[in-house]
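**Student:** Sequence:
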Amino acid sequence: MEQTVPKEYYQYLHELQAVDFALVELTLYLDTHPDDAQALAQFQQFQRRKQTLMHQFESNFGPLQEFGNSPVGNRWTWSEAPWPWQV
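Under UniProt numbering, the first residue of the sequence shown is numbered 1, with each subsequent residue one higher.
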């Protein structure tokens, strides 16, 4: 049975992937240019954006990761959201 997933689900995931890509690239750059204040400021900006996106996604669709998250209420909800290969 195929699940219907709202387009926002994919929009959040797409933006999270873009932000993660920028964070990886900035990490690599900062490894060789640790004194670049502008790059560090960009890195911190992307970190904040990622946290915001993750919070918004998880509020709407459930946890993104099974580890490091507290269960919601008295139930474990990780297995309730569609898995990436199910959408």
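Do not rely on the hints blindly, as some may be mistaken.
[Claimed, not checked] Pair ranges (Cβ atoms, derived):
| id | residue 1 | residue 2 | range |
| --- | --- | --- | --- |
| 1 | Pro82 | His33 | 17 to 23 Å |
| 2 | Gln44 | Val5 | 19 to 25 Å |
| 3 | Ala39 | Tyr10 | 27 to 33 Å |
| 4 | Gln47 | Glu8 | 29 to 35 Å |
| 5 | Leu40 | Gln17 | 40 to 46 Å |
| 6 | Leu30 | His55 | 39 to 45 Å |
| 7 | Gln38 | Ser59 | 17 to 23 Å |
| 8 | Ala41 | Gln65 | 22 to 28 Å |
| 9 | Ser59 | Glu25 | 37 to 43 Å |
| 10 | Leu28 | Ser59 | 15 to 21 Å |
Just so you know, the hints here were simulated from the structure itself, not pulled from any lab data. Beta carbons are placed, not taken as given, at the ideal position from N, Cα and C, and that holds for glycine.
**Student:** Going through the earlier hints one by one, which of them does the structure break, listed in rising order?
**Tutor:** As far as the earlier hints go, 1, 2, 4, 5, 6, 7, 9, 10 are violated by this structure, in ascending order.
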